[in-house]
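Student: From first to last, the protein sequence lines stand for chains E and Z.
FYI, my numbering numbers position 111 of the first sequence as 111, with every residue one higher than the one before it.
Counting from 1 along the second sequence, just add 1000 to a position and that's the residue number in my numbering.
Source of the hints: derived by calculation from the structure; they are not laboratory data.
All figures in this text were calculated on a predicted structure; none of them were measured in a lab.
The beta carbon of each residue, even a glycine, is placed where N, CA and C say it ideally should be.
Just so you know, not all the hints are guaranteed correct.
Claimed, not checked - List of simulated lysine-lysine pairs, DSS-like, C-alpha gap at most 27 Å:
id : chain 1 : residue 1 : chain 2 : residue 2
1  : E       : 13        : Z       : 1058
2  : E       : 55        : E       : 70
3  : Z       : 1057      : E       : 3
4  : Z       : 1059      : E       : 70
5  : E       : 18        : Z       : 1059
6  : Z       : 1057      : E       : 71
7  : E       : 3         : Z       : 1069
8  : E       : 71        : E       : 53
9  : Z       : 1069      : E       : 18
10 : E       : 70        : E       : 53
11 : E       : 18        : E       : 57
12 : E       : 18        : E       : 70
13 : Z       : 1042      : Z       : 1069
14 : E       : 55        : E       : 18
15 : E       : 57        : E       : 70
What the hints assert, rightly or not - Here are some of the chain Z residues that sit facing chain E, going by a computed Cβ distance under 7 Å:
id : residue
16 : 1040
17 : 1054
18 : 1071
19 : 1074
20 : 1097
21 : 1101
22 : 1102
If you want the building blocks of each chain, they are given just below.
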Amino acid sequence: DVKVTQSSRYLVKRTGEKVFLECVQDMDHENMFWYRQDPGLGLRLIYFSYDVKMKEKGDIPEGYSVSREKKERFSLILESASTNQTSMYLCASSVITGNSGNTIYFGEGSWLTVV
Amino acid sequence: ILNVEQSPQSLHVQEGDSTNFTCSFPSSNFYALHWYRWETAKSPEALFVMTLNGDEKKKGRISATLNTKEGYSYLYIKGSQPEDSATYLCASSGANNLFFGTGTRLTVIP
């Protein structure tokens, strides 16, 4: 059974704090993604990675960075959290880039509130 | 960025009714169309991936069709059950990414 695990389901952080959201997949997938979900806006891509130490900006990368030191782990970093980053964050993974018919597998989401 | 639109935004149906909703997407540079089902507090679950014009896919009471020339896909649920209540997302593939619609939230009333 495929598994994408997000380590924190619910977090409350203060404005200005550094926040790490961790994601691990056990499917040996090359691609990993971070999305955020906001009401009325759908899932929006923040960053993705197609290999260890590789990263590409998505549609809304401002205020975020990522780290992929190992194939199975993809971390989303909020360097200085702000209230407009309060959202639900979804991690996902899929097999190799270029075959767009591949299914993307999602984690259960991390709800972040910045106060 | 691909503009993917879904309608309606939300839908309430009675148990046993059949229903359908729409996903529209740009027909140029089409790669694939994905449907996901997302229940509250769970991960989005892949339902279908379709790539060819005229594709039809079926899983139990749920089916989907694809028209790549005009840029739309329909998702059908036959004989809705309360456990079908979820948000149904469609997404169109770019070269490396999926572009999602905002979803159709289905509530099936017992």
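Student: Output the numbers, in ascending order, of every earlier hint that fails for this structure.
Tutor: Going through the list in order, the structure violates hints 1, 4, 5, 6, 7, 9, 13, 16, 17, 18 and 19 and respects the others.
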